[in-house]
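Trainee: Sequence:
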Amino acid sequence: MKIAIASEGKYVSGHFGHCEGFTVYEVDENKVLKKGFIQNPGHRPGFLPDFLKGLGVNVVIAGGMGETAQQLFAQNNIDVIVGAEGYSDDVIQRYLNGELKSTGSICREHQHEGRCHE
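Throughout, our numbering is defined as the position within the sequence shown, counted from one, plus 16.
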């Protein structure tokens with residue numbers, strides 16, 4: 017399984033589409049086998065869900081994400097967890113331990129300087 021965390025450096029990004037890149041974890045039996053970083057190729061409506069699907073990602077974790085992106089991931093059977101924050105390595109561990117739950121937060125506008133609070 018592949019899990020992508022929208023990232024700013026080593027931390028979860030507040031907004032999926034405008035993140036610096038994605039920390040991608042390859043996981044098997046709740047253990048991280050491999051970790052890498054992929055630069056965000058650009059924020060264009062509908063592009064990133066297809067991009068991550070093409071990489072074989074099964075789960076996406078972010079601080080916040082727009083409704084359209086969440087719908088596109090759902091259509092592609094990719095799980096989305098929003099409302100995450102903190103150090104990416106800690107967040108992946110919380111996910112693997114079953115401790116990370118989505119808040120269901122949806123970013124409805126892009127004037128929040130990378131932070132979603134809905």
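Note that these hints are calculated values from the structure, not bench results. This structure is a prediction, so every number in the text was calculated from the model and none was measured. Where hints are given, some of them may not hold.
[Unchecked claim] Straight-line C-alpha distance at most 25 Å; calculated DSS-like pairs for lysine-lysine: (1) K69 <-> K26; (2) K51 <-> K26; (3) K18 <-> K51; (4) K117 <-> K47; (5) K69 <-> K50; (6) K18 <-> K69; (7) K51 <-> K69; (8) K47 <-> K18; (9) K117 <-> K51; (10) K69 <-> K47; (11) K18 <-> K117; (12) K117 <-> K26; (13) K117 <-> K50; (14) K69 <-> K117; (15) K26 <-> K50; (16) K26 <-> K47; (17) K50 <-> K18.
Trainee: Hints first: check each against the structure and report whether it holds.
Mentor: Okay, the hints, checked on the actual structure:
no. : hint         : verdict
1   : K69 <-> K26  : holds (22 Å)
2   : K51 <-> K26  : holds (12 Å)
3   : K18 <-> K51  : holds (10 Å)
4   : K117 <-> K47 : holds (19 Å)
5   : K69 <-> K50  : holds (18 Å)
6   : K18 <-> K69  : holds (10 Å)
7   : K51 <-> K69  : holds (17 Å)
8   : K47 <-> K18  : holds (11 Å)
9   : K117 <-> K51 : holds (22 Å)
10  : K69 <-> K47  : holds (21 Å)
11  : K18 <-> K117 : holds (18 Å)
12  : K117 <-> K26 : holds (20 Å)
13  : K117 <-> K50 : holds (23 Å)
14  : K69 <-> K117 : holds (22 Å)
15  : K26 <-> K50  : holds (15 Å)
16  : K26 <-> K47  : holds (19 Å)
17  : K50 <-> K18  : holds (9 Å)
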